[in-house]
Amino acid sequence: MSEPTERADLMLQMIKQNAKRIMSTVPWAQALGFELTGIEKGRAFAKVDWREDLVGDPDTGVIHGGVLTALLDNLSGVCINTALKKPMSMATLDLRIDYMRPAEKGRTILAEAECYHVTRNVAFTHAWAYHETRERVIATAAGTFALNDITRWASGNEAMELANKMLGDSQ
Amino acid sequence: MSVRDQQLQAFLDRSPFARFLGIRFEADGETLKTILPFQDKFIGNQAINAMHGGCTGAFLELTAMAQVYLSSDMQRPPKPINLTIDYLRSAKGEDLYARAIVHKLGRRMASVRAEAWQGDDPDKVVTALQAHFLVAEDG
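Protein chains in written order, with my numbering: chain A, 1 to 171; chain B, 1 to 139.
Calculated directly from the structure, the hints in this document are not laboratory data. It is possible that some hints are incorrect.
To be verified - Chain B residues, not near chain A, derived (Cβ > 10 Å throughout):
id	residue
1	D5
2	R14
3	L21
4	P37
5	G44
6	M74
7	T84
8	S90
9	L105
Claimed, not checked - DSS-like mimics (lysine-lysine), calculated; alpha carbons at most 25 Å apart, straight line:
id	chain 1	residue 1	chain 2	residue 2
10	A	K41	A	K105
11	B	K104	A	K47
12	A	K47	B	K124
13	A	K20	B	K104
14	A	K41	A	K86
15	A	K105	A	K86
16	A	K16	A	K85
17	A	K105	A	K85
18	B	K41	B	K92
19	B	K79	B	K104
20	B	K104	B	K41
21	B	K104	A	K105
Quick caveat, the model's predicted, so the values are computed rather than measured. Note that beta-carbon positions come from the ideal geometry of N, C-alpha and C, so glycine has one too.
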């Protein structure tokens, strides 16, 4: 079978090809209007447009922190996919969010996530939410995710399942 | 319903995101219990019918915020500074409940722990949240 690096490349390629489906198969990501905008090895990018019904405090028009939590959680999960050598499912163990400044009314929120370490059972991530550039960060996240054998714990993620079909035997 | 409960209800009624979630609460004195009636949009993983961690997290953040508000005499809801969410069990596609304890209410900061459960056993915690809120009105 293929070498690990080739498998990792093939895995990334497959995820890229199915990028649109990764978030669109998650109802809560759909409900909040998350859109995956880019994928690299170990990194993922997304955005969410300002929407009236996502506002926490009607007096300020600031998007509720819960929307950022969901976005950074979801995107952290996606970026782990791009760092793995074989398809696995994942569950958030814990997620720490720091709120630096409120998101501004009417402005799109951009986010990026980075998977900076993976062990047999756990993946470690950092993520950022901001307007336009990382110079003005709205919130940061640090997450740990438990990794599980995809055959034991179905993921419901079409791209991952497709990758599993093609790569699953080449452990 | 006390005056303070009514003020909390008024804020939740006015908050678009609280309405989007459909969060409700019951208060017994200063002790709060929040309820999140299940909706299909809360799902994060359809294959195992599990709620999205961002959804349980948002519910717990609102619960913690509401408890700080009820425990204080603030005019406006407190602002979150940071929070840590522990995902202990997968939250199933059904109603979620939560309660919170304010461990410290200072002049500027509040430290809160909130816990969510499903079914009738509050001790079988599905997701827990530890958060700090800014309670200074000029913050």
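Consistency of the hints with the structure:
1. The beta carbon of D5 (chain B) is kept farther than 10 Å from every beta carbon of chain A, the shortest such distance being approximately 19 Å.
2. Distance check for R14 (chain B) against chain A: the nearest CB is about 5 Å away, which does not clear 10 Å, and the non-interface claim fails.
3. Non-interface status of L21 (chain B) relative to chain A is broken: a Cβ of that chain comes within 10 Å, the nearest being about 8 Å off.
4. Residue placement check: P37 (chain B) keeps its beta carbon more than 10 Å from all beta carbons of chain A (closest about 15 Å).
5. Distance check for G44 (chain B) against chain A: the nearest CB is about 5 Å away, which does not clear 10 Å, and the non-interface claim fails.
6. Even its closest Cβ contact with chain A, about 13 Å, leaves M74 (chain B) beyond 10 Å, as expected for a residue assigned away from the interface.
7. A beta-carbon of chain A comes within 10 Å of the beta-carbon of T84 (chain B); the shortest separation is about 4 Å.
8. Chain A draws S90 (chain B) into its interface by the beta-carbon criterion, the shortest separation being 7 Å against a cut-off of 10 Å.
9. The claim that L105 (chain B) is not at the interface with chain A holds, since no C-beta of that chain comes within 10 Å of its own (minimum 19 Å).
10. For the hint pairing K41 (chain A) with K105 (chain A), the CA-to-CA distance comes to about 32 Å; that exceeds 25 Å, so the pair is violated.
11. With a CA separation close to 36 Å, the supplied pair K104 (chain B) and K47 (chain A) exceeds the 25 Å bound.
12. Restraint check for K47 (chain A) and K124 (chain B): the C-alpha separation of about 35 Å exceeds 25 Å, so the hint is violated.
13. For the hint pairing K20 (chain A) with K104 (chain B), the CA-to-CA distance comes to about 44 Å; that exceeds 25 Å, so the pair is violated.
14. At roughly 13 Å between alpha-carbon atoms, K41 (chain A) and K86 (chain A) fall within 25 Å of each other, so this suggested pair holds.
15. The suggested pairing of K105 (chain A) with K86 (chain A) is violated, with an alpha-carbon distance near 41 Å, which exceeds 25 Å.
16. A hinted pair counts as satisfied when its Cα atoms are at most 25 Å apart, and K16 (chain A) with K85 (chain A) qualifies at roughly 15 Å.
17. For the given pair, K105 (chain A) sits about 40 Å from K85 (chain A) by alpha-carbon distance, which is inconsistent with the 25 Å threshold.
18. Taking the CA atoms of K41 (chain B) and K92 (chain B), the gap is near 13 Å; set against the 25 Å cutoff, the hint holds.
19. Between K79 (chain B) and K104 (chain B), the direct Cα distance comes to roughly 15 Å. Compliance with the 25 Å bound is thereby established for this hinted pair.
20. With a CA separation close to 35 Å, the supplied pair K104 (chain B) and K41 (chain B) exceeds the 25 Å bound.
21. Taking the CA atoms of K104 (chain B) and K105 (chain A), the gap is near 31 Å; set against the 25 Å cutoff, the hint is violated.
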